[in-house]
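Participant: Chain by chain, the residues:
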Amino acid sequence: MTLPELPTLPDGFVAIVKEDCPTCELIVPVLEQLASGTQLTVFTQDDPNFPGEIEDRQFDGDLAVSWHHDIETVPTLLAVENGKEVARTVGWSRSQWESITGVSHLGLDLPDHRPGCGSLSVDPSLSADLELRFGGSAMTARRVEFASLEDTHEALFDRGWTDGFPVVPPSEARVMAMLEGTTRSPEEIVASVPPDLVPCTVEKVAINAVMAGCRPEYLPVVLAGVEAVCTDTFNMHGLLATTMPHAPVLIVNGPIAEQIGMNSGNNALGQGNRANSTIGRAVQLVIRNVGGGRPGEVDRAAFGSPAKVGFCFAEREEDSPWLPISTMYGFSSGTNTVLAFPGEAPRNLVDQLSRDPDSLARTYAANLISIQHPKLVLGFDAILAVAPDHSRVFREAGWSREQLADRVNELTVRPGRELIRGAGNIPEGIPEAMEELDLPKFRPNGLHIVHCGGAAGLFSAIIGGWVNGEMGSDPVCVEITP
Amino acid sequence: MTKVLDPTNEATPADIPRVTRPESLDGLTVGLLDISKPRGDRFLDRIEERLVERGLRVERFRKPTFTKPAPVDLRHEIATKCDVVIEALAD
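Chains as they are written, first to last, in this note's numbering: chain Z, 1 to 482; chain U, 1 to 91.
Keep in mind that the hints are not guaranteed to be accurate.
Example chain Z residues on the side facing chain U (calculated, C-beta under 7 Å, incomplete) [what the hints assert, rightly or not]:
hint	residue
1	169
2	208
3	290
Below 30 Å or equal to it, Euclidean Cα-Cα: the simulated DSSO-like pairs (lysine-lysine) are [as the list claims (entries may be wrong)]:
hint	chain 1	residue 1	chain 2	residue 2
4	U	63	U	81
5	U	37	Z	375
6	U	37	U	68
7	Z	375	U	68
8	U	81	U	37
9	U	81	U	68
10	U	63	Z	375
It is worth saying that the hints were derived from the structure and are not from the lab. A virtual CB, placed ideally from N, CA and C, is assigned to each residue, including glycine.
Kindly produce the complete structure, drawing on both the sequences and the hints.
Facilitator: Written out as structure tokens, the structure reads:
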């Protein structure tokens, strides 16, 4: 791509202004003074007729001059010799303007100084377009053009790039703006994405994040999510290919959750929050588009689940009785992390009458036993999402997360004879050889207790896990980096 | 005209032609691959009996887990030792 030539500046003095700036309006008499005694050219960004009093004005409507000369504030006054800038001042300061121009008694009716306004060339809504137009693109993805008579949304569906919902068309300007969300360079490899095990760049993640509807500030979370699920430990290949309905469930911890507006409260596992809804979706679109993982192909899920569109939420840390769930994985409280857990859709658990921790633990145990099958134990982990109305009971009783998990595990222990194949006239179950053992539902650290949900409702929620360990998947927690 | 960036891996799949199917199994080595799904081994045991009855040479292989692709070394071993392979899916 050839870049437009750097617009040269006329010698003398150059002022860059916009009509929509009170300071620029204020200094029009100064510009008139300079125009009468010096070689002054005024570039105006928004209104070609401003300032009407100055004859030698040029319109910088495409902001080429402003962008190429790094104008961040209007008014900016430049001194130019042989096409080169030799001095600059921003805003209005009589002493500065007099010093640069060598003209005294400038704007004597004006205050001594007045700050300027933001230049249009750094306006956030325009900067991505300008960067693209003037800065050239470091992006290497293939450009795909749709005909003017093609409906863009239909064309995106037709190419198989969507999960069934509409996507935001990943224009170059949008992807460039998305890449502003990270300090990582576009060509950096994030992970090797299953099932095709394709090296995936930051740029490809950004493209899919645009499509998912992410804002640029979500990108670091999406990148961490992609990294987490594409590890051998998490085994995204198996999770995708399995006939079971599971998908990556992403739990965000640390201050970034609030900074990017994630929801950990009311309806945290549901719809309506842009960050929650789009971050999980972006990770899934990366699996689909970069990894080549599509339902009916490598994805062999018998049922699937709504979680497969994308499932992401934040832990409710502010009034949690427990340390962040990321501390289970060795991170300190306050670290920005994503925990990827191979889970299914959540289901609600009601206990509106228990007011002591042990009876609530009993309710949890009674419900958790049924994950996948009441006679299958140790092979599946679970998330237990505890809402504030329930967590209050544990806070008041001083129960730690470990204490609650230990008690639930203890309450799920059952004799092997009730669990073996054939017991209870059900062929499904654990191998006969385990008949003499007393077994809990979960392996050590298999139960993941997370604090989230709205302030009202004496409920908790269960998210059942996929096959755990070497045979299947282990949860993976990674730090989110800028 | 709308221009977008390709969200896919832009890879063209490698086109590897399949080995021609043999007319008969006579004199060939048959690989039996157990993917480690429960009871797949029972099916393969029976297949092995039948093949051995017919005087064929049989090699048994097992993937560490059905949830991950077969390790590359195992795939190479099967390809070098066997003329044909039977893989037992199970459930």
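Participant: Each hint needs a verdict: does it hold in this structure or not?
Facilitator: Against the structure, the hints:
Taking 7 Å as the C-beta contact cut-off toward chain U, the hint placing residue 169/Z at the interface holds, the least distance being around 5 Å. Evaluation of the residue 208/Z hint against chain U yields a held restraint, the C-beta minimum of about 5 Å falling below 7 Å. With its C-beta approaching chain U no nearer than about 5 Å, residue 290/Z sits inside the 7 Å limit, and its interface hint holds. Between residue 63/U and residue 81/U, the direct Cα distance comes to roughly 16 Å. Compliance with the 30 Å bound is thereby established for this hinted pair.
Restraint check: the Cα-Cα separation between residue 37/U and residue 375/Z comes to about 19 Å, which is no more than 30 Å; the hinted pair holds. Using a Cα cut-off of 30 Å, the hinted pair residue 37/U and residue 68/U holds, with the two alpha carbons roughly 12 Å apart. At roughly 26 Å between alpha-carbon atoms, residue 375/Z and residue 68/U fall within 30 Å of each other, so this suggested pair holds. A distance of roughly 23 Å separates the Cα atoms of residue 81/U and residue 37/U; the hinted pair therefore holds under the 30 Å criterion.
Taken as a hint, the residue 81/U and residue 68/U pair is honoured in the structure, with Cα atoms around 22 Å apart against an allowance of 30 Å. With a C-alpha separation of about 27 Å, the suggested pair residue 63/U and residue 375/Z falls inside the 30 Å cut-off, and the hint holds.
Against the hints set out earlier in the document, no violation occurs for any number.
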